[in-house]
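Which chain is which? The protein sequence lines are D and E, in order.
The first sequence: position 49 = 48 (numbering that gives the first Met the number 0), numbered continuously.
The second sequence: position 104 = 103 (numbering that gives the first Met the number 0), numbered continuously.
A few of these clues could be false.
Stated by the list, open to error - A short list of chain E residues far from chain D (calculated; beta carbon distances all over 12 Å): (1) Pro3; (2) Asp41; (3) Ala54; (4) Met55; (5) Ala56; (6) Asp69; (7) Arg98; (8) Ala137; (9) Val152; (10) Gly165; (11) Phe170; (12) Asp171; (13) His183; (14) Ala192; (15) Glu213; (16) His223.
As the list claims (entries may be wrong) - Derived lysine-lysine pairs resembling DSBU-like cross-links, with alpha carbons at most 35 Å apart: (17) Lys138/E / Lys212/E; (18) Lys117/E / Lys138/E; (19) Lys138/E / Lys138/D; (20) Lys117/D / Lys138/E; (21) Lys117/D / Lys117/E; (22) Lys212/E / Lys117/E; (23) Lys117/D / Lys212/D; (24) Lys138/D / Lys117/E; (25) Lys212/D / Lys138/D; (26) Lys117/D / Lys138/D.
What the hints assert, rightly or not - Restraint-style ranges between C-beta atoms, simulated for each label pair: (27) His95/D / Ala118/E: 22 to 28 Å; (28) Arg93/E / Leu34/D: 33 to 39 Å; (29) Gly194/E / Ala173/D: 38 to 44 Å; (30) Pro3/D / Glu90/E: 30 to 36 Å; (31) Lys138/D / Asp232/E: 21 to 27 Å; (32) Lys138/D / His87/E: 45 to 51 Å.
Hints in this document: simulated from the structure, not taken from any laboratory.
For clarity, every value in this text was computed on a predicted model and none was experimentally measured.
Ideal placement from N, C-alpha and C gives every residue a C-beta, glycine not left out.
2 protein chains.
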Amino acid sequence: MAAPADLAGVQVLAFDIFGTVVDWHGSIVRELQELYPEVDGDAFARAWRAGYQPAMARVRSGELGWTRIDELHRLILDQILPPFGLAHLDEAARRHLNRVWHRLDPWPDSVAGLTRLKARYTLCTLSNGNLGLLTNMAKRAGLPWDCVLSAEVFRAYKPDPATYLGVANVFDLAPAQVMLVAAHHDDLAGARACGLRTAYIERPLEFGAGHPKEVAPRPGNDLHCASLLALADRLGC
Amino acid sequence: MAAPADLAGVQVLAFDIFGTVVDWHGSIVRELQELYPEVDGDAFARAWRAGYQPAMARVRSGELGWTRIDELHRLILDQILPPFGLAHLDEAARRHLNRVWHRLDPWPDSVAGLTRLKARYTLCTLSNGNLGLLTNMAKRAGLPWDCVLSAEVFRAYKPDPATYLGVANVFDLAPAQVMLVAAHHDDLAGARACGLRTAYIERPLEFGAGHPKEVAPRPGNDLHCASLLALADRLGC
Chain D
0 MAAPADLAGV QVLAFDIFGT VVDWHGSIVR ELQELYPEVD GDAFARAWRA GYQPAMARVR
60 SGELGWTRID ELHRLILDQI LPPFGLAHLD EAARRHLNRV WHRLDPWPDS VAGLTRLKAR
120 YTLCTLSNGN LGLLTNMAKR AGLPWDCVLS AEVFRAYKPD PATYLGVANV FDLAPAQVML
180 VAAHHDDLAG ARACGLRTAY IERPLEFGAG HPKEVAPRPG NDLHCASLLA LADRLGC
Chain E
0 MAAPADLAGV QVLAFDIFGT VVDWHGSIVR ELQELYPEVD GDAFARAWRA GYQPAMARVR
60 SGELGWTRID ELHRLILDQI LPPFGLAHLD EAARRHLNRV WHRLDPWPDS VAGLTRLKAR
120 YTLCTLSNGN LGLLTNMAKR AGLPWDCVLS AEVFRAYKPD PATYLGVANV FDLAPAQVML
180 VAAHHDDLAG ARACGLRTAY IERPLEFGAG HPKEVAPRPG NDLHCASLLA LADRLGC
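Modelling step: build the complete structure from the supplied sequences, incorporating the hints.
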């Protein structure tokens, strides 16, 4: 099966990462369970992630200068350790725990789906995660990117247009020749406003089985898929 | 065999590309022979490459604003077409020929050597070539990078220290934990001055069989190897 005719011009697929390609919640819960079984891993993972948008907002507003996600994750971590009873962690333990974001596991369909898509498309990341984080994650998890792109390259966080248009510019393509693949509607809306094509991926368990996410189709996206394997099916890969 | 003890801390290998990993001269000669057999491909390839350093010098001096290699290659191409009897090429033909730099073939040892090295090290490019060029090249040639880095990311051309130190910074490593692999002594000297480890790769045919390059060992580099397979041997991969 070929790609839908109106998507025939797409050459590059750019992927959101946290939640779309890798399971941040489950990975952090599993690591907490192993290292600090007395802590409520589910609540800890959600608290850490909940600090993410506010931390990036401090960069966007100029309150913080350009700061990589590794550093933002660490700022949030230092704030949530005391209420979770982990204020005693020393510097080495904090550094190790903060790098859990480099060790996130992919969703079960991610590697197989990306491998099929790679045969026809150029695959890149487009994440607010930093280049080192994304590279370490890909190497550990076997994610077969052709190119690792990040907010770090464009010095702007999604949904800043500089990120979406930056991908098209890197590959010397028109925006409509790039498709953003993401599990988050705000990210997809940002890409769409820049002229990119968009594919929504359902990840109902992004926040854990206890907090199912609403994933019903919404208008506006070119594709709505249950997984990256389903995306490969829809694109004829 | 393990890596030499003094190189045990190296975690990232950063590769120069043009001449070190891919054979720009031979690839351009082959493409010219096919497209424009009346042209002296050897002289054409060397003339094109000879314009490379002067073009980057115009960016470094500020005469040109930040300009990607694709654009610099095109500026040079437009200058050399008339003396080689190709002034009649139209825009589409010029665009296609300019993209030959995206279609360069690897040296025969490159893919096998990189594949062995990748099992132990994180492999990235560190080229003055732009991200799109390097990604397209890697996809076509099967170069298994973990991460594509470029002067484009750091907005500075090698041998600017921002490029060598930029790689260490991306991976949150000390400079001595990064090794530059290159076939050019000026590039290696720039890296060494920043505290990186260095490996020289002999590429005696970089400028073609008619113009053999002097490749005798010089002091200063940590390793001197005949190929990327020899580098994998030396690093115990």
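Okay, which hints does this one fail, numbers in order? Numbers 6, 7, 8, 9, 10, 11, 12 and 28 - these are the hints that the structure violates, sorted from lowest upward.
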